[in-house]
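> Residues per chain, in single letters:
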Amino acid sequence: MNKAPASHANHLNANPMKEHGFIDFLVITGGFLLITPILSVHRVTDFMIFCIFVMSFDLMYGYMGRLSFGHLLFLGTGAYGSGLFIRYISGNPLLAILAGIAVAGLLGMLLGLIIVRTTGACFALINLAFNHIGFFLVLSPLRQITRGEDGFGVSASTLGFLNFSSRPIMFGFVLFCLLLVFYLLKRLTSSPFGIMLRSIKEDETRVRFLGYNTFLYKWLNFALAGSLAGLAGTLTALNYNYVNPNAMDVHSNVGVVFASLIGGAGTLYGALVGGVVYMVISNFLPIYIHRWEMFLGFSLLIITFRFRKGVWGYILSLWESGIKKRLLRRPTEEVANR
Amino acid sequence: MIYTIVYGFTIGAILYFISIGLSLTFGTMRVINFAHTLTYTMGVYALITLVALFKGYFALVATLSIIVVIPISYVIERFIIRRLYGESLDYTFIATFAISLIGVDAIKWIWGVNPYPMSDPIGKYLMFWGLSLPIYRILIVMIAILLFLALNSFFKKTIVGKIVVAALEDKDGVRCLGINVDKYFSIVFVLGSALAALGGVLYAPISSIHPYMGLSILLLSFAVVIVGGMGNLNGTFLSAFSLGMVMAITARYWSQGAETMVFIVMAIVLIFRPIDI
Amino acid sequence: MLEIKNLDVAYGHAKALHDISLNIETGQTAFLIGRNGAGKTTLLKTIIGLLKPLKGSITYQGNEITGLSPEEHYLKGLRYVAQEKKVFSNLTVRENIEIAAYASGEPVDMALDKITSIYPKLKDFLRTKAGQLSGGQRQILLVGRALVGEPKLLLIDEPTQGLAAIVIEEIVSILSGLRDKVSAVIVEQNLAMVNRLADRIYILKEGKVAREIVERSEISDTRGLEEYL
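Protein chains in written order, with numbering that gives the first Met the number 0: chain A, 0 to 337; chain B, 0 to 276; chain C, 0 to 228.
Hints are not guaranteed to be accurate.
As the list claims (entries may be wrong) - List of simulated lysine to any residue pairs, SDA-like, C-alpha gap at most 25 Å:
no.	chain 1	residue 1	chain 2	residue 2
1	C	Lys51	B	Arg29
2	B	Lys182	C	Glu71
3	C	Lys128	B	Gly160
4	B	Lys170	A	Ser298
5	C	Lys85	B	Asp181
6	B	Lys170	C	Glu105
7	C	Lys151	C	Ala163
8	C	Lys75	C	Arg178
9	B	Lys155	C	Asp108
10	C	Lys75	C	Asp112
11	B	Lys156	C	Arg178
12	B	Lys170	A	Cys121
13	C	Lys75	B	Ile158
14	A	Lys200	C	Ala13
15	B	Lys107	A	Leu300
16	C	Lys14	A	Ser298
17	B	Lys170	C	Arg93
18	B	Lys155	C	Ser133
19	B	Lys156	C	Ser68
20	C	Lys122	C	Ser103
21	C	Lys85	B	Arg272
22	C	Lys85	B	Asn233
23	C	Lys85	A	Thr204
24	C	Lys122	C	Ile167
25	B	Lys170	C	Arg178
26	B	Lys182	C	Gly135
27	B	Lys170	C	Thr91
28	B	Lys156	C	Asp112
29	C	Lys128	B	Asn233
30	B	Lys170	C	Glu70
31	B	Lys156	C	Met109
32	B	Lys182	C	Ser68
33	B	Lys156	B	Leu146
34	B	Lys156	C	Ala102
35	B	Lys182	C	Leu50
36	B	Lys170	C	Gln82
37	B	Lys170	C	Thr65
38	C	Lys113	B	Leu146
39	B	Lys182	C	Pro106
40	B	Lys107	A	Ser298
Simulated from the structure, these hints should not be mistaken for laboratory data. Computed from a predicted structure; not experimentally measured.
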């Protein structure tokens with residue numbers, strides 16, 4: 000009898016990170032493994048890479064409140080960075096991944112110096128401009144190196160058990176990266192850094208008046224978002240064994256914006272849900288609904304006018320208001336009845 | 000070289016037609032209308048359909064196409080844009096993008112994806128210092144100049160124009176003087192859309208016609224508006240023609256880089272003069 | 000004439016006004032004084048309809064006007080002059096008045112005559128772009144704009160802020176001349192002006208009405224009022 004309240008108290012004091020960390024791991028891994036037999040290993044790998052990209056985008060959009068319409072620039076940079084590394088320097092896949100991330104991160108740091116000073120429409124469009132410029136650069140002036148429109152093949156050498164031409168291994172590695180990114184972002188967003196970002200999103204002037212260097216935080220966030228997008232890019236290159244300018248296509252930005260919205264900006268699970276949903280829609284909907292872009296347009300309208308918090312956000316709010324209350328009633332009753 | 004200048008001015012004129020509406024909508028409603036060039040595209044497709052019906056009489060067909068587009072833009076304004084007043088940027092961006100997605104797909108549905116060929120309706124050339132310049136292009140530039148003068152009188156001389164100018168600066172102030180500003184902003188929106196359709200209709204015979212044509216020119220129009228200043232009519236005029244020249248000159252030496260150069264200019268302007276929405 | 004009962008106004012989650020109640024009779028000039036951030040501008044903006052209250056009511060000439068739009072308030076005779084001395088800078092002085100006359104239905108020339116009779120110097124500036132006017136001239140233009148049509152209640156926010164003494168004197172004399180024809184609620188920090196024009200004073204502190212003063216003797220007690228600024 001006396002043990003019940005003690006363990007209850009322990010539960011309250013336990014580190015929520017540790018508690019939930021393991022659950023997250025199970026849920027995410029389980030979730031992706033579940034859909035794999037339905038689709039295919041290769042498809043789900045695609046989905047997971049996209050989810051990483053959405054998480055990197057959401058870091059800027061959901062947590063910092065800045066909508067970019069050119070985030071694909073960093074994914075493409077990562078893809079080209081690692082691809083060119085393998086092609087001209089070394090086939091070592093891990094080094095290539097690091098190279099891709101490094102190049103994307105560096106670009107993020109450089110461009111961030113200029114871009115992060117802007118906000119709103121300015122921010123969205125200046126990212127768009129640089130994305131466009133990047134696309135053009137790999138298409139035309141740097142054609143000698145990047146092989147322009149045709150792109151080039153990428154074959155990484157095998158490193159121990161990491162043979163990326165094997166689909167299951169690629170799947171496993173991408174899943175590993177996804178979990179890593181998830182964990183990293185989860186820690187980051189609940190850390191003082193994350194709180195700072197959210198405060199800046201809500202009211203930057205106030206934060207600045209409190210003496211904080213908001214520029215620094217925004218800049219770091221931008222560079223980080225760029226690096227993670229670069230990671231997604233390197234994984235794309237390794238997954239397809241191929242890199243071409245489509246990795247930087249400006250028009251594809253709508254996908255990640257849409258995914259972020261559907262999932263609900265500002266939550267990590269939302270990013271994952273949104274990513275998967277968008278991938279499913281864009282891959283399978285055209286088969287069943289001929290006018291899928293129109294359908295997408297209408298859904299976007301409905302979401303912006305009705306479901307601001309996205310599908311995941313909506314589910315969360317249902318949870319908060321209804322189900323959670325009912326579920327939580329039981330333990331307290333137990334304690335009271337003791 | 001003269002050709003380059005003429006082509007530059009032609010593109011500048013077309014950009015001007017499209018950017019006016021965008022600039023005014025930015026300035027008045029603080030809404031980034033991603034669907035702005037939908038009217039541009041729709042005007043073109045209306046043109047194609049009507050041209051097939053009324054062979055010849057380009058001017059008549061062009062005017063009809065523009066008129067056809069007006070009710071559609073009114074519907075868009077009434078049901079969607081109006082709900083976006085005061086909304087945060089990302090939602091207006093996404094909602095208007097959704098509209099353009101629907102619109103473009105509708106066009107693909109009705110007219111198909113394949114480009115339509117169309118030729119210069121005048122087809123005559125002006126002999127000038129030993130060069131033959133297409134009259135049609137010169138006509139476009141002249142219409143742009145006329146429009147500029149007309150708009151200037153409208154905003155300087157008519158009371159509606161003055162109300163819009165005042166509201167661009169101090170919307171609350173105008174409201175507190177008893178004027179329902181939103182009604183006038185709607186008029187401005189529809190006017191802007193009609194002008195975009197005008198741009199489309201005039202440019203159609205000398206460009207490629209396909210459902211995505213609006214999207215490519217939209218990005219360029221954004222650049223024009225940013226460089227010229229939102230809600231700044233004279234600025235838009237100057238920047239449209241300047242960027243048109245930039246494109247023409249870049250295209251001469253580096254054919255694929257024309258659009259990119261415009262974005263580079265836009266990025267530079269944004270760096271030194273960030274806008275604040 | 001103007002009766003406010005239990006008004007609560009908030010900006011998002013931050014409450015700016017708590018349970019405000021006040022009362023102004025026809026023909027009176029009331030002043031709102033208080034420190035910066037006390038809620039004076041918020042109160043004026045709520046009365047004119049630029050802000051919507053969370054709860055409470057505003058009654059004007061016996062009719063409920065809570066939550067109406069600024070345009071509707073204008074038609075009832077309420078006129079708001081904001082704090083920042085914002086004129087339509089790209090338009091001339093004459094055009095500024097034109098716009099003011101538009102909704103009122105009053106002919107522009109009549110409106111101009113009315114205003115130049117109150118402030119003759121404005122006649123010289125009719126063709127000047129409003130943006131080129133000095134602070135004091137702008138303030139007078141703004142008051143002029145508010146007087147077009149048939150104003151019944153003026154809501155003026157810090158008219159003398161940042162102006163030279165001579166100009167303040169001109170504004171005070173203009174407002175003085177309007178005293179019995181138009182009611183007014185004026186936000187001010189300038190106690191000398193308050194002393195000369197006030198029939199009633201409301202002191203706002205942290206979003207609440209701290210004191211209501213209706214006695215002439217108390218209004219003249221400038222020292223006593225200073226502590227509230």
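> Hint by hint, say whether it matches the structure.
Going down the list of hints, with the structure as the test:
Using a Cα cut-off of 25 Å, the hinted pair Lys51 (chain C) and Arg29 (chain B) holds, with the two alpha carbons roughly 21 Å apart. With a C-alpha separation of about 14 Å, the suggested pair Lys182 (chain B) and Glu71 (chain C) falls inside the 25 Å cut-off, and the hint holds. Proximity of Lys128 (chain C) to Gly160 (chain B) is assessed by CA-CA distance (about 16 Å); at most 25 Å being required, the pair is judged to hold. A hinted pair counts as satisfied when its Cα atoms are at most 25 Å apart, and Lys170 (chain B) with Ser298 (chain A) does not qualify at roughly 33 Å.
This hinted pair checks out: Lys85 (chain C) and Asp181 (chain B) have alpha carbons roughly 20 Å apart, not beyond 25 Å. Straight-line distance between C-alpha atoms of Lys170 (chain B) and Glu105 (chain C) comes to about 21 Å, which keeps the hinted pair within the 25 Å bound. Distance hint between Lys151 (chain C) and Ala163 (chain C) is unfulfilled; the C-alpha atoms sit about 28 Å from each other, more than 25 Å. A C-alpha spacing of about 19 Å is found between Lys75 (chain C) and Arg178 (chain C), which places the hinted pair at or below 25 Å, so the restraint holds.
Taking the CA atoms of Lys155 (chain B) and Asp108 (chain C), the gap is near 19 Å; set against the 25 Å cutoff, the hint holds. A hinted pair counts as satisfied when its Cα atoms are at most 25 Å apart, and Lys75 (chain C) with Asp112 (chain C) qualifies at roughly 23 Å. Distance check on the hinted pair: Lys156 (chain B) and Arg178 (chain C) sit about 36 Å apart at the alpha-carbon level, beyond 25 Å; violated. With a C-alpha separation of about 22 Å, the suggested pair Lys170 (chain B) and Cys121 (chain A) falls inside the 25 Å cut-off, and the hint holds.
Between Lys75 (chain C) and Ile158 (chain B), the direct Cα distance comes to roughly 23 Å. Compliance with the 25 Å bound is thereby established for this hinted pair. Between Lys200 (chain A) and Ala13 (chain C), the direct Cα distance comes to roughly 17 Å. Compliance with the 25 Å bound is thereby established for this hinted pair. For a cut-off of 25 Å, the pair hint linking Lys107 (chain B) to Leu300 (chain A) stands: about 20 Å separates their Cα positions. The suggested pairing of Lys14 (chain C) with Ser298 (chain A) is violated, with an alpha-carbon distance near 36 Å, which exceeds 25 Å.
Note on Lys170 (chain B) and Arg93 (chain C): the hinted pairing holds, with a Cα-Cα distance of about 19 Å set against a maximum of 25 Å. The straight-line distance between the Cα atoms of Lys155 (chain B) and Ser133 (chain C) is roughly 23 Å, inside the 25 Å bound, and the hint therefore holds. Simply put, Lys156 (chain B) and Ser68 (chain C) have alpha-carbon atoms about 28 Å apart, too far for the 25 Å limit, and the pair is violated. Among the hinted pairs, Lys122 (chain C) with Ser103 (chain C) is consistent with the structure: their alpha-carbon atoms are about 21 Å apart, no more than 25 Å.
Between Lys85 (chain C) and Arg272 (chain B) the CA atoms are separated by roughly 23 Å; this keeps the pair inside 25 Å, and the hint holds. Restraint check for Lys85 (chain C) and Asn233 (chain B): the C-alpha separation of about 23 Å stays at or below 25 Å, so the hint holds. For the hint pairing Lys85 (chain C) with Thr204 (chain A), the CA-to-CA distance comes to about 23 Å; that is within 25 Å, so the pair holds. Under the criterion of a C-alpha separation no larger than 25 Å, the hint pairing Lys122 (chain C) with Ile167 (chain C) is consistent with the structure, at around 19 Å.
Distance hint between Lys170 (chain B) and Arg178 (chain C) is unfulfilled; the C-alpha atoms sit about 29 Å from each other, more than 25 Å. For the hint linking Lys182 (chain B) to Gly135 (chain C), the alpha-carbon distance of about 33 Å lies beyond 25 Å, and the restraint is violated. Under the criterion of a C-alpha separation no larger than 25 Å, the hint pairing Lys170 (chain B) with Thr91 (chain C) is consistent with the structure, at around 17 Å. In summary, the hint linking Lys156 (chain B) to Asp112 (chain C) is supported, as the alpha carbons are separated by about 22 Å, within the 25 Å threshold.
The suggested pairing of Lys128 (chain C) with Asn233 (chain B) holds, with an alpha-carbon distance near 17 Å, which does not exceed 25 Å. Distance hint between Lys170 (chain B) and Glu70 (chain C) is fulfilled; the C-alpha atoms sit about 12 Å from each other, no more than 25 Å. This hinted pair checks out: Lys156 (chain B) and Met109 (chain C) have alpha carbons roughly 20 Å apart, not beyond 25 Å. With a C-alpha separation of about 14 Å, the suggested pair Lys182 (chain B) and Ser68 (chain C) falls inside the 25 Å cut-off, and the hint holds.
A threshold of 25 Å between alpha carbons decides the hint, and for Lys156 (chain B) with Leu146 (chain B) the separation of about 15 Å falls inside it, so the pair holds. Using a Cα cut-off of 25 Å, the hinted pair Lys156 (chain B) and Ala102 (chain C) holds, with the two alpha carbons roughly 18 Å apart. A hinted pair counts as satisfied when its Cα atoms are at most 25 Å apart, and Lys182 (chain B) with Leu50 (chain C) qualifies at roughly 20 Å. Under the criterion of a C-alpha separation no larger than 25 Å, the hint pairing Lys170 (chain B) with Gln82 (chain C) is consistent with the structure, at around 15 Å.
Simply put, Lys170 (chain B) and Thr65 (chain C) have alpha-carbon atoms about 21 Å apart, close enough for the 25 Å limit, and the pair holds. At most 25 Å may separate the alpha-carbon atoms for a hinted pair to count; Lys113 (chain C) and Leu146 (chain B) exceed this at roughly 38 Å. The suggested pairing of Lys182 (chain B) with Pro106 (chain C) holds, with an alpha-carbon distance near 22 Å, which does not exceed 25 Å. Simply put, Lys107 (chain B) and Ser298 (chain A) have alpha-carbon atoms about 19 Å apart, close enough for the 25 Å limit, and the pair holds.
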